[in-house]
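Enquirer: Residue numbers (the numbering used here), protein chains in the order written: chain E, 56 to 366; chain X, 56 to 366.
In short, the hints are calculated from the structure, not lab data.
Check each hint, because a few of them may be wrong.
In silico DSSO-like pairs for lysine-lysine, Cα to Cα no more than 30 Å straight-line [as the list claims (entries may be wrong)]:
#1 K203/E x K327/X
#2 K203/E x K342/X
#3 K148/E x K203/X
#4 K327/E x K203/X
#5 K150/X x K73/X
#6 K327/E x K327/X
#7 K203/X x K139/E
#8 K275/E x K203/X
#9 K199/E x K327/X
#10 K203/X x K150/E
#11 K139/X x K203/E
#12 K242/X x K275/X
Cβ pair distances, simulated, as ranges [stated by the list, open to error]:
#13 D330/X x E351/E: 50 to 60 Å
#14 G121/X x Y143/E: 49 to 59 Å
#15 D279/E x D180/X: 36 to 46 Å
A quick note: this is a predicted structure, and the numbers were derived from the prediction, not measured.
Every residue, glycine too, gets a C-beta built ideally from N, C-alpha and C.
2 protein chains.
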Amino acid sequence: MERPLPRPGVDEVLVKIKMAGICSTDLEIMKGYLPFEGILGHEFVGTVVQGSEKECREEGLEKLIGRRVVASINLPCYSCAACKKGLYNHCFKIKTLGMRDKDGAFAEYLIIKQENLYLVPETLDDREAVFVEPIAAAVEIAEKIHIKPTARVLILGDGKLGLITAMVLMALGLDVGIIGRHADKLKVLDGQDIRTYLPEEFEGMADILVDCSGNSSGLKMAMDMVRPEGKVVLKTTVADSQAFNLSSVAVNEISIIGSRCGPFDPALRLLKRNDLPLNRMIDSVYKLEDGVQAMERAAQQGVLKVLLDME
Amino acid sequence: MERPLPRPGVDEVLVKIKMAGICSTDLEIMKGYLPFEGILGHEFVGTVVQGSEKECREEGLEKLIGRRVVASINLPCYSCAACKKGLYNHCFKIKTLGMRDKDGAFAEYLIIKQENLYLVPETLDDREAVFVEPIAAAVEIAEKIHIKPTARVLILGDGKLGLITAMVLMALGLDVGIIGRHADKLKVLDGQDIRTYLPEEFEGMADILVDCSGNSSGLKMAMDMVRPEGKVVLKTTVADSQAFNLSSVAVNEISIIGSRCGPFDPALRLLKRNDLPLNRMIDSVYKLEDGVQAMERAAQQGVLKVLLDME
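All chains should be modelled from the sequences, with the hints used to inform the complete structure.
Expert: Structural data, given as C-alpha cells:
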C-alpha cells in the first residue's frame, strides 16, 4: 500500500529512516501485548529531511536538516496530571513510537517531535547508532538504583536485552555475570571480562540481579540468585502472566524495581567511548520490502538482532 | 641510614617496590596533617618476593611469589567496636600504609598483609598501576552516593586528584565538567570529552559537585555551583581549617558527603578497560636515592605527579 509522505507539524521534523532494529517488544505487540495497529518500530537511525528552522535542543547553533539522528520514543502530552508532576514517561495520554498512537520506524519516513531528537556523533556508524534505544534502556538501570562499583551484578537471560545489558553494565565499570541457556549467544560477550554461566553452573548470590529473561518465570529464578536485601531489576515485559508468591521477597527483604526506557545522552556517550561488540549481535539485515521475512526471522528461537535497511 | 630487610609475619608478604607515587597527602603529612614519623608512601606497585605459601585472596590457585601487585592501604584490627560493626576503614586502632603506624612505600621493600594485595593485570604497565590507589579513591564517590547516568557532575580543582577524578567519572559514563585555575593542567584532559572551565567561565548548576580543590575555601565555592538538593562530595583533606557558614546548606537542602579511600577491584577493572591519559599526569620520575629532590619537586606549585622509580 502506498502511503502519502507525512508532513511535519509545529515543532516536528520529517526523518528519512536509514536503519531500524526489530525488538522483542515488536514481536510481543504482534502477539497482543499492546493493542496497537499502526506501523511498528522504535529502534532506528535516520536523517532529518524536513522540519522547522528551529535549532536542535542538543546543539543550539546547528541546523538539523541533513543531520543523522536517533530519537527517544515517548511523546508526553505535557498537560495531564502525571505530566504536571513531571512524570512524563507515565503521561496518561502518552504516545509511544511504534507502540501507542504513533507510527514507528519500519517505514521509509517518520514524523517525530524535534525535542525527541539526538544527534549521532560521526564516529558511530548506523549499525551502532541503531542500538542506542536498547542501550539507553540498559543505562536506565543505573539511573533508577544506586549500583555500587563493588556490587556483584548478575543478568538473567541471554536474549538481545540481556546481552546488551551485560555489555552496558560492564562498560559502566561493574563486575558483571550473565546466566543464559545458549552457549552460542553467550559467545557474543567473549573477551569482555563478563562471566557467563549456564543455569546449572551458577552458584552464589548477586547483590543486584537484572531479569532480562523475557519469561514470566524469570522472577522466581531471580529470587534464588539474589542475596538477602539485594535488588531485582525487572526488565522483562511479556504478554502472558504467571502466579508468583511474594513471601520470599518480604522474608529476604528484596527490592523489586521495574525499569523501562532510558536516557539517550548517557547512552550515546557510552557508545562513543566504548567499543562494544554490537556487530556480533546482528543476525541479519533485510531490505524494508522484505520486512515480513525479517519479522519471521526475528521471531525464530535463538535469533539475535534483525535489522531493516531502508537505503 | 641502612635499615635491615623487614621480615613478613603471619599472613604478611614482603614486597619489592617497583614504583611509587608522591601524593598531596604525603606533602600535607610533612606539614603536620597527621602525626606520622615513619616512611611515607601509599601509592605503589611492586613484586611479591617473600611470604607464606598461602594462596592469594583474588586468584585462588595462583601463587603470589613473583607476581606484580598493588595494595589497599588500610589495616584494621578486626577486634575493636568499629570493626565489629563492619566499619573497618574507621577502625579505632587502624594502621594506614605510610600514614599511621605503618611504614610506607618510599623504600626498597615493604611488608603488607596478604589480604590487602591485588594482582595487576599484565596489560597494565607500572606507570599505570601506580595510579590504582588514587583511581580507587575517585571510584569511591560512586560507591558512596547514587550518581545517575544523566547527572551533571562538576569537579572543583585541577590538581592531581581533580584531574584523576574527572577521568574516572568520565570513564564511568558520566557528563563531567572540571573547574580549575590552570589551563596547562586542564590540558591533561584534552580529547576526553570533559568540559573544562576557568573559575570565571563557569555558569550553571551541577547536580553533583566534587570538591578536589585541596583548599579549605573550596567548600564555599562549591555551594555556589551546586543546585538546590544537590550533593557535594568532599575529597579535600588539608592541614588548615576555615570558618564556614552552614546555613546555605540547610536553606538549599544540600547534602555534603565526605569520601576517602576506595575499592581496588573496580579501579583495576576501570584502568584495564579504559585508556586514561595518565601518562600526561606524570611530571617527572626520580630514583629513590634522589627522594629529597623528588619531594621538593612535588611540593612546587602546579607540579603534577612525581614518581619514584626503585628499579
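Enquirer: If a hint holds in the structure, say so; if it does not, say that too.
Expert: How the hints compare with the structure:
A distance of roughly 18 Å separates the Cα atoms of K203/E and K327/X; the hinted pair therefore holds under the 30 Å criterion. In summary, the hint linking K203/E to K342/X is not supported, as the alpha carbons are separated by about 38 Å, beyond the 30 Å threshold. For the suggested pair K148/E and K203/X, the alpha carbons sit about 27 Å apart, so the restraint of at most 30 Å is met. For the given pair, K327/E sits about 18 Å from K203/X by alpha-carbon distance, which is consistent with the 30 Å threshold.
With a CA separation close to 23 Å, the supplied pair K150/X and K73/X stays within the 30 Å bound. With a CA separation close to 18 Å, the supplied pair K327/E and K327/X stays within the 30 Å bound. Of the supplied pair hints, the one linking K203/X and K139/E holds, its CA atoms being roughly 23 Å apart against a limit of 30 Å. For a cut-off of 30 Å, the pair hint linking K275/E to K203/X stands: about 28 Å separates their Cα positions.
The straight-line distance between the Cα atoms of K199/E and K327/X is roughly 27 Å, inside the 30 Å bound, and the hint therefore holds. For a cut-off of 30 Å, the pair hint linking K203/X to K150/E stands: about 26 Å separates their Cα positions. This hinted pair checks out: K139/X and K203/E have alpha carbons roughly 23 Å apart, not beyond 30 Å. Restraint check for K242/X and K275/X: the C-alpha separation of about 26 Å stays at or below 30 Å, so the hint holds.
Here the CB-CB span from D330/X to E351/E is close to 42 Å, at odds with the stated 50 to 60 Å. A hinted range of 49 to 59 Å holds for the C-beta pair G121/X and Y143/E, which are about 58 Å apart. For the hinted restraint 36 to 46 Å between D279/E and D180/X, the CB-CB distance of approximately 43 Å keeps it satisfied.
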